[in-house]
Amino acid sequence: MFGHPSIPLSSCYAPFVAATASPPKLRTPRHAAIVRVTHWITVLCFFALLITGGEIVISHPRFYWGEVGNVMTRPLFTIPIPSSRDTVPTGYHYVMPDQNGWSRALHFEAAWVVMIAGLAYALYGLFTGHFRRNLLPEKGDRSWSSFRRVFAKSFHRAPPGEPGAEAYNVLQRTAYIAVIFVLFPLVIWTGLAMSPAFTAAAPWSVILLGGRQTARTLHFFISWLLLLFVIVHVTMIVLAGFKTRMRAMITGRVVEPPPARRKTDRR
Amino acid sequence: MTPITRRQLIATGLTATAGAAGLAAAAHFARRYGLIPPDHGGLYGPGETLTYAAQRLLASHAPAREFPRSMISKAPFANEVAPPSDAFKRHQATGFSDWRLIVDGMVANPASLSLSDLRSLPFRSQITEVACEEGWSYIAEWIGTPLSEVLSAVGVLPHARYIVYRSIQTDWWDSLDMADALHPYTYLTWGMNDGDLPVGFGGPLRMRVPRQLGYKSIKYITNLTATDNIKAFGKGLGSASPEGGYAWYAGI
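Here the protein sequences line up with chains A and B, keeping their order.
At position 208 of the first sequence the residue is numbered 208 (our numbering), and the sequence of numbers has no breaks.
At position 249 of the second sequence the residue is numbered 249 (our numbering), and the sequence of numbers has no breaks.
These are calculated hints, taken from the structure and not from any lab test.
Please read all numbers here as calculations on a predicted model, not as lab measurements.
Each residue gets a CB set at the ideal place from its N, CA and C atoms; glycine is no exception.
Honestly, I wouldn't trust all of these hints.
[To be verified] For the chain B half of the interface with chain A, some residues (derived, Cβ under 8 Å), not all of them:
#: 1; residue: 93
#: 2; residue: 97
#: 3; residue: 178
#: 4; residue: 211
[As the list claims (entries may be wrong)] Here are the in silico distance ranges between beta carbons for each label pair:
#: 5; chain 1: A; residue 1: 86; chain 2: B; residue 2: 198; range: 19 to 27 Å
#: 6; chain 1: B; residue 1: 80; chain 2: A; residue 2: 167; range: 52 to 60 Å
#: 7; chain 1: A; residue 1: 203; chain 2: B; residue 2: 74; range: 42 to 50 Å
#: 8; chain 1: B; residue 1: 34; chain 2: A; residue 2: 149; range: 55 to 63 Å
#: 9; chain 1: B; residue 1: 54; chain 2: A; residue 2: 149; range: 21 to 29 Å
#: 10; chain 1: B; residue 1: 20; chain 2: A; residue 2: 93; range: 49 to 57 Å
#: 11; chain 1: B; residue 1: 34; chain 2: A; residue 2: 172; range: 33 to 41 Å
#: 12; chain 1: A; residue 1: 231; chain 2: B; residue 2: 184; range: 43 to 51 Å
[What the hints assert, rightly or not] Negatives, chain B to chain A, calculated, CB over 10 Å:
#: 13; residue: 6
#: 14; residue: 27
#: 15; residue: 58
#: 16; residue: 62
#: 17; residue: 69
#: 18; residue: 71
#: 19; residue: 82
#: 20; residue: 120
#: 21; residue: 137
#: 22; residue: 139
#: 23; residue: 168
#: 24; residue: 171
#: 25; residue: 195
#: 26; residue: 229
#: 27; residue: 244
#: 28; residue: 250
Only chain A is shown next, with the shape it has when bound in the complex (with noise of 0.2 Å):
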């Protein structure tokens, strides 16, 4: 038979390595559960915040600059599709029907729980070092040359395994603190700009951004960038292994291939 382990096989071929001959090792947790928790409550938290938003905004698909804006003054850009009002001038002889009922009561809802489970991470990632030690870009690492060489071994498909798989690299590092301490903090703040009971509080909240309808124009472009790093994110994720990733962000448990065979695997 093809392959009887007793014949040579030509060294093209891997050595035959029985299942049980080295059994994957069980590292300590790739991510901890309070990352794990709060990063898969932050994944449903965002797909309804985008869902939601999505549905506002279609009762008036049309954004401003500025403190104020209505179907009487000239938009700063309008979307083309049909608005869930009939006071919106679309060009469409078709209203779609009004979901802003719910969506809103989820869109604030989700806003809620994402802000404290961000709250908890962000505690989590202060006190314990996670953010200075596994997002921080390392010290020889804060350079163009850096970028530059990661970007190089992208290109060039180096496999997972190599030195490196095990931390984020400059970019990967540089993305997650982009979202963690920019993005994410101005999509907030841009929301609660919108807020008129919050803007009466704190009305240098809404002034610093130049107007209420800035806010508004503001918190839909940076949910776009939110989701551009979400596809970035998944695209990523699912190049470098889905299942191993998957199974890191869930159980926290990376399975280590013995290094020797990884090598040979390369056939």
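With chain A held as given, fit chain B onto it using these hints.
Quick look at chain B alone, frame taken from chain A:
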């Protein structure tokens, strides 16, 4: 999988007990200080309750945002309203001279006020923004009688907790808690931009609640009722809005 140790079991039990006790204490505290909105039930109740409670704790007395006269919108948007009823058309034909605001419920002196009665009370003006839940907005000057002036004129009783207000369009009714009802920027509005309040914008009489979204500023007000039992109105959710899926508290 490692077996659960006794220590872990005790720690988990203690944490769960502390969590449950904490929630119970928070619920008691929230009820006592009026931090639970009438539409606190259902899937979205927790979110509504958190928003309402947080804003009542942190910002009950904040004034509304005001704007300079130069920022008044040249072309405000009236939004559409249902076609006027025959009753409204009759009022319109007589210049609203017979329009009455009925004030009843938990007040010492129930009253039926004409527009000129209202105008004889101390009145004020504010330049504030109407922000619709859909996303659009405009700024106007609003002239009216603060609701607090009307409530003190009729002697609202100290244990009233909500002011229910109703429109001549019977589908529209709403309510305010006392923090918003007595807030100096909550008006029964009868003037806009130095003129009478146009019908499109809610004339002859509109409730103006600038710290909440536009849908709380109901047009064509005919009735005020002070109550301590909001459950007795409609489906008990505080206004017509939650019956259509929208939040009772619209401060966001």
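Verification of the supplied hints:
| no. | hint | in the structure |
| --- | --- | --- |
| 1 | 93 | 27 Å, violated |
| 2 | 97 | 31 Å, violated |
| 3 | 178 | 16 Å, violated |
| 4 | 211 | 5 Å, holds |
| 5 | A/86 to B/198: 19 to 27 Å | 21 Å, holds |
| 6 | B/80 to A/167: 52 to 60 Å | 58 Å, holds |
| 7 | A/203 to B/74: 42 to 50 Å | 23 Å, violated |
| 8 | B/34 to A/149: 55 to 63 Å | 60 Å, holds |
| 9 | B/54 to A/149: 21 to 29 Å | 47 Å, violated |
| 10 | B/20 to A/93: 49 to 57 Å | 55 Å, holds |
| 11 | B/34 to A/172: 33 to 41 Å | 48 Å, violated |
| 12 | A/231 to B/184: 43 to 51 Å | 49 Å, holds |
| 13 | 6 | 21 Å, holds |
| 14 | 27 | 17 Å, holds |
| 15 | 58 | 6 Å, violated |
| 16 | 62 | 4 Å, violated |
| 17 | 69 | 14 Å, holds |
| 18 | 71 | 7 Å, violated |
| 19 | 82 | 13 Å, holds |
| 20 | 120 | 29 Å, holds |
| 21 | 137 | 5 Å, violated |
| 22 | 139 | 6 Å, violated |
| 23 | 168 | 21 Å, holds |
| 24 | 171 | 15 Å, holds |
| 25 | 195 | 18 Å, holds |
| 26 | 229 | 25 Å, holds |
| 27 | 244 | 6 Å, violated |
| 28 | 250 | 8 Å, violated |
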